[in-house]
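Chains A and B, in that order, give the protein sequences.
Quick note, the first sequence lines up with residues 1 to 98 if you use our numbering.
Quick note, the second sequence lines up with residues 1 to 217 if you use our numbering.
Any given hint might turn out to be false.
[Stated by the list, open to error] Here are the computed lysine-lysine pairs in the DSBU-like style, where the Cα-Cα straight-line distance is at most 35 Å:
(1) B:K193 <-> A:K30
(2) B:K3 <-> B:K193
(3) A:K77 <-> B:K186
(4) A:K30 <-> B:K196
(5) B:K75 <-> A:K30
(6) A:K10 <-> A:K30
(7) B:K3 <-> A:K10
(8) B:K186 <-> B:K196
(9) A:K30 <-> B:K186
(10) B:K193 <-> A:K10
(11) A:K30 <-> B:K3
(12) B:K186 <-> B:K75
(13) A:K10 <-> B:K75
(14) B:K194 <-> B:K134
(15) A:K30 <-> A:K77
(16) B:K134 <-> A:K30
(17) B:K3 <-> B:K75
(18) B:K194 <-> A:K10
(19) B:K3 <-> A:K77
(20) B:K75 <-> A:K77
(21) A:K10 <-> A:K77
(22) A:K10 <-> B:K134
(23) B:K193 <-> B:K134
(24) B:K134 <-> B:K196
Calculated directly from the structure, the hints in this document are not laboratory data.
In this text, all values refer to a predicted model and were calculated from it rather than measured experimentally.
One-letter residues, chain by chain:
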Amino acid sequence: MSGKENLEQKIFTRWIETLFETQEHEIDCKQFQNYLPAFVEAEVTGERLGYTAVLTAHLHQCPDCEEIYQGLLFVVKADLAENWSSDTAADTAVPIGD
Amino acid sequence: MVKRSNEAWLDALQGAGQSQQEALLDLRDYLVRTAFVYLRDGRSDLLLLSTDTLYEMAEDYAQNALLAIQDNLDKFRGDAQFTTWAYRFAINEAATDLRRRQHRDFSWEDVAGQETAVFASLLDPGTGGDPDVKAEREEFLQLLWQILENDLNERQRLALLGVYFQGRSMQEMAEILETTPNTLYKMLHDARKKIKASLLNQHYSAGDILGLFDAMW
Ligand SMILES: [Zn+2]
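The shape of chain A in the complex, shown without the other chains (with noise of 0.2 Å):
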């Protein structure tokens, strides 16, 4: 099996995918990063919000949002565990821009 052969199996699985977990209504972009802050925190303490499943929705046919989505969970994260936003930031935290 040919490595373009993977990737064309990927693309079209894929693709079937979404196709059929398409609904009959859809947030848009717009919308999606409106409660996107909201949705990444619940991600990151494990709270389930009650528009999860159209959130989720979104993020699997948006792969634009889906970047948006995974870089922000990631820098909350690393804010959560280096504590930046909060006082005792200053010296723990990554040592740029001195």
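Let chain A serve as the given structure and place chain B with the ligand on it in line with the hints.
Below, chain B with the ligand alone, put in the same frame as chain A:
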């Protein structure tokens, strides 16, 4: 740096004088840090760039994010930490710029040929194997091709091809189609609904289709 509640951030940023200046400086620091950590550790495509370069990029993204945040303060809903809301602007700035750098050449002349080639390679029913299965595959592919041709307009087919088959970003595809990513999303949603409905109408489920092609790969 002072720790602030959401209310304190808003009061300071919407206010004036020294407390506003301090809040802006603090927020800028947060945004630079956020953008830098995202570029350095949160992405796998920038490993070859130096720390200095990444830091300069982070400063630019933070500066743009800061302006966008000031323009959008009245839209903060208070359903998350103010900093989480603000970080979104920094990530957006970075991701948007990095996507733009990855945009590939695109010419309308190539599209027709490319469209046919991509679908043809994906939709090749394959050789060998069970002739019955092969015939079923062919039948499905003909149906799919018909749906794409008849139910979608040219822009929808192009959007579908670019985003799902060529892996272009919504942003890049939106620029090609001279629309916004938000409108593109709606266009694709409409296209997905049509294709899904037509396939279900012909009694195809996702499992049926993937099963049909399983042995081929
Ligand atoms: Zn989106």
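Each hint, compared with the structure:
1. B:K193 <-> A:K30: 20 Å, holds
2. B:K3 <-> B:K193: Since the Cα atoms of K3 of chain B and K193 of chain B sit roughly 47 Å apart, the hinted pair is violated (cutoff 35 Å).
3. A:K77 <-> B:K186: 31 Å, holds
4. A:K30 <-> B:K196: Given pair K30 of chain A, K196 of chain B holds - Cα atoms ~24 Å apart, limit 35 Å.
5. B:K75 <-> A:K30: 12 Å, holds
6. A:K10 <-> A:K30: Holds - the C-alpha atoms of K30 of chain A and K10 of chain A are around 29 Å apart, at most 35 Å.
7. B:K3 <-> A:K10: Roughly 46 Å separates the two Cα atoms, so the pair is violated.
8. B:K186 <-> B:K196: 15 Å, holds
9. A:K30 <-> B:K186: 11 Å, holds
10. B:K193 <-> A:K10: 21 Å, holds
11. A:K30 <-> B:K3: The hint holds at about 30 Å.
12. B:K186 <-> B:K75: 23 Å, holds
13. A:K10 <-> B:K75: 39 Å, violated
14. B:K194 <-> B:K134: Holds, at roughly 26 Å.
15. A:K30 <-> A:K77: 24 Å, holds
16. B:K134 <-> A:K30: 43 Å, violated
17. B:K3 <-> B:K75: 22 Å, holds
18. B:K194 <-> A:K10: 22 Å, holds
19. B:K3 <-> A:K77: 18 Å, holds
20. B:K75 <-> A:K77: 24 Å, holds
21. A:K10 <-> A:K77: Holds: K10 of chain A and K77 of chain A sit about 30 Å apart, inside 35 Å.
22. A:K10 <-> B:K134: 20 Å, holds
23. B:K193 <-> B:K134: Holds, at roughly 27 Å.
24. B:K134 <-> B:K196: 22 Å, holds
Hints 2, 7, 13 and 16 from the list above are not met by this structure, while the remaining hints are.
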